[in-house]
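J.: Sequence:
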Amino acid sequence: GEGRAGSHRYARQVPFRELRAVHLAGESSSMLQLEDSRGGVHALPLGGSQMREHSRQALAAGLRSAIAHPAKVANWDALRIALRMEQRQRPDESSTPVQP
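With our numbering, letter number 17 in the sequence shown gets 17, and the count goes up by one each step, no holes.
Label-pair distances were calculated between CB atoms; the ranges are:
1. M31 x K72: 22 to 32 Å
2. R20 x P91: 39 to 49 Å
3. P70 x G40: 21 to 31 Å
4. G39 x P91: 36 to 46 Å
5. F16 x P91: 28 to 38 Å
6. S37 x R90: 34 to 44 Å
7. P91 x P15: 33 to 43 Å
8. A71 x L44: 19 to 29 Å
9. R38 x R88: 33 to 43 Å
10. W76 x M31: 18 to 28 Å
List of simulated lysine to aspartate or glutamate pairs, DMTMM-like, C-alpha gap at most 20 Å:
11. K72 x E35
12. K72 x D36
13. K72 x E18
Think of the hints as simulated: they come from the structure by calculation, not from any bench.
Ideal Cβ positions, reconstructed from N, Cα and C, are used throughout, including at glycine.
Using the sequences plus the hints, can you model the full thing?
T.: Given below as structure tokens:
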């Protein structure tokens, strides 16, 4: 794509219609790999995110659902559920009293 020099290193776009495979790799599924129709592999590191492994698995499943669907539509139900569960398991930061 066009844009400022070097921008291709920081952001990539892989339309669902071009997805051919989705892989999770690394410790705790910390690397999401998207394989496109030309055989290119786009690595998305998830290690720095607060997303837990179950949610990472659900993210990959949602992307795989787009590959399987004839109209290339993703189903994010499992990801929504996983993220909701994560949110419930985390302490509510807004209710934590502020120490003087």
